[in-house]
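With chain D's structure known, arrange chain G on it following the hints.
Number of protein chains: 2
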Amino acid sequence: MNNPVPLAELWRGDILESTHFGHAVICDGAGQIVQAWGDPDAIIYPRSSAKMIQALPLIESGAADAVGLGTEQLALACASHQGEHQHTDRVAAWLDAIGMGESDLRCGVQVPNDPAVRQELRETNACACQLHNNCSGKHTGFLTLNRHLGGHSEYVEADHPVQLACRDAFEGVTGMESPGYGIDGCSAPNFATSVHGLARAMGSFASAHTRSDTRSRAQARLTDAMIAHPNLIAGTGRACTELMGAMKGRAAIKTGAEAVFVAILPEQQLGIALKVIDGGTRGSECAIAALLVKLGLLEADHPAVLNRMNKVQKNWRGLETGILRPAADLL
Amino acid sequence: MNNPVPLAELWRGDILESTHFGHAVICDGAGQIVQAWGDPDAIIYPRSSAKMIQALPLIESGAADAVGLGTEQLALACASHQGEHQHTDRVAAWLDAIGMGESDLRCGVQVPNDPAVRQELRETNACACQLHNNCSGKHTGFLTLNRHLGGHSEYVEADHPVQLACRDAFEGVTGMESPGYGIDGCSAPNFATSVHGLARAMGSFASAHTRSDTRSRAQARLTDAMIAHPNLIAGTGRACTELMGAMKGRAAIKTGAEAVFVAILPEQQLGIALKVIDGGTRGSECAIAALLVKLGLLEADHPAVLNRMNKVQKNWRGLETGILRPAADLL
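Chains D and G, in that order, give the protein sequences.
What the first sequence shows, in the working numbering, is residues 3 to 333, in sequence order.
What the second sequence shows, in the working numbering, is residues 3 to 333, in sequence order.
These are computed hints drawn from the structure, not numbers from a lab.
A few of these clues could be false.
Since the list can't tell identical chains apart, any single copy or any two copies may satisfy a pair.
Computed list of lysine to aspartate or glutamate pairs in EDC-like fashion (alpha-carbon distance at most 20 Å, straight line) [unchecked claim]: (1) LYS316 x GLU159; (2) LYS316 x GLU156; (3) LYS313 x ASP226.
Next comes chain D alone, as it looks inside the complex (with noise of 0.2 Å):
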């Protein structure tokens, strides 16, 4: 076992103001590390990071094919969406097609990130609702799967049928059996893996169009569905889709409540997951975008590169006081 390293470093002036520790782990195709910083074997909590894994069951079982779900809807069950238009048109539509409603769903209200909308319901005198919760078209992906296993209501519960699929397909793709789970903020189960469980889970979808099984051909058809539509794996302004935008369709990114990041690099067929320590995002978001640069798939001068990766930090009259920068040994 090794210690988490420094991933990201906050500078203010000359003097290393704080640091944010983690593990990173790099995966061919093969589930074998080809580079890895800190404790690969470190258990954490994917989060929201694995909702492409999440989504296997609902392709692999025919509920997505059944309904005809497009790359929209798949991209949508692998996002953390802020709540635009965008996102809660498009899950509201879904609902309606496979005959349900907002009130099906088990994730909860959550007022949504976005700050046009935040501002559109307090116009509006509108409340948000389970729609503008993040996990909206995971949870949606869940129903259309519970309606074609035909299981009960409360999709959310541990030993449901479609949170045993969810955890199969998990334990398959990361090599590994999950140590356990918590509740996750939309209150669907989170299995647990280790940091190479991940990263090899991400170099299985980063290969998959190299094999012509069941599993495989989901996990091509979940990857090109996130790489076909950044916008709504996240949103206006957000890292994934920034960065996935820069990277012009060669790579699926997705982030993790408490400072997860993973990639699928098809073109390499390499897997990436890292996880910050502390939970804070700046650092996750650094540390991914130092190594999407150092794998060639982004460029170090992108704007949206520059606006995590080497952030000049600025006050409240704009005079520059430092930068957040990766930690040297992540370059």
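Okay, now just chain G, sitting in the frame of chain D:
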């Protein structure tokens, strides 16, 4: 040199999800370490936790008494307030009393942290101004000192008499030469020191009432002013205000950006300084609450403590998902 150690832990179910590492030191009135975690010699920026040090020249120079400052103004000089009317009205009145105005401040315009004030600004189409900057009290203290010293208007420049006086006081009470400074969020220089240096300074404040020199009397006045006005030090719902309220006058505490926290304990003649290295405020609030409970100043079951030291985590549906708690070694 020791490595940082866990100070706070976020658990989800039975699995540790995130950890905040850091350094903490408890010093006696003579500056000797009573107990330490991590590396006492780690260099940190105290940020706003040093405001009571930056206010020393205001009193020692005679500037405070020349314009008849009371405990409210002295508390505001030590405050990181959130722009409530109780803060901005008093700062505006103080500026008026010294014949100056908002435009003389050099802290910059900050949208206030208080949600009610933000909403009021929106509803009245009003703009935030420098009075709302969390440091406007400290800066009005700088202006008061500058008026007394007759310095030029750019009082935040590092070689300005105001800042030279602050540096001198800072190095005096920390007991060491500062290794350098950075530009703070409010544009003033923020001098670096060690965690031990900052704890030594707090021990010096905590024991000031046992001494009768000019500096010690200034330290005692500032500590008393902070303790007398917990609401002015931060604001409604904030950690400094709520925890000081819960201690009923037994201690002054102060947070600093990037997860610094200090405490001045006059009864025990002890000072505390801690830094969570990742800058995560939830970690520093949890750790300072734990140390204050450990030292008998806070009841572990007080709502203000439970909300920070053993904060139950709930999701969008109100389900309990885990807990934020101090590392075992801290207790």
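So, going through the hints one by one against the coordinates:
1. Taking the shortest Cα distances, LYS316 and GLU159 sit within 20 Å of each other only across copies (17 Å), while inside one copy they are farther apart (46 Å).
2. Only between protomers do LYS316 and GLU156 lie at most 20 Å apart by alpha-carbon distance; the minimum there is 19 Å, versus 47 Å within a single protomer.
3. Taking CA atoms no more than 20 Å apart as the test, LYS313 paired with ASP226 passes in neither setting, with 30 Å inside one copy and 40 Å between copies.
Comparing the model with each numbered hint stated earlier shows that hint 3 is the single one that does not hold.
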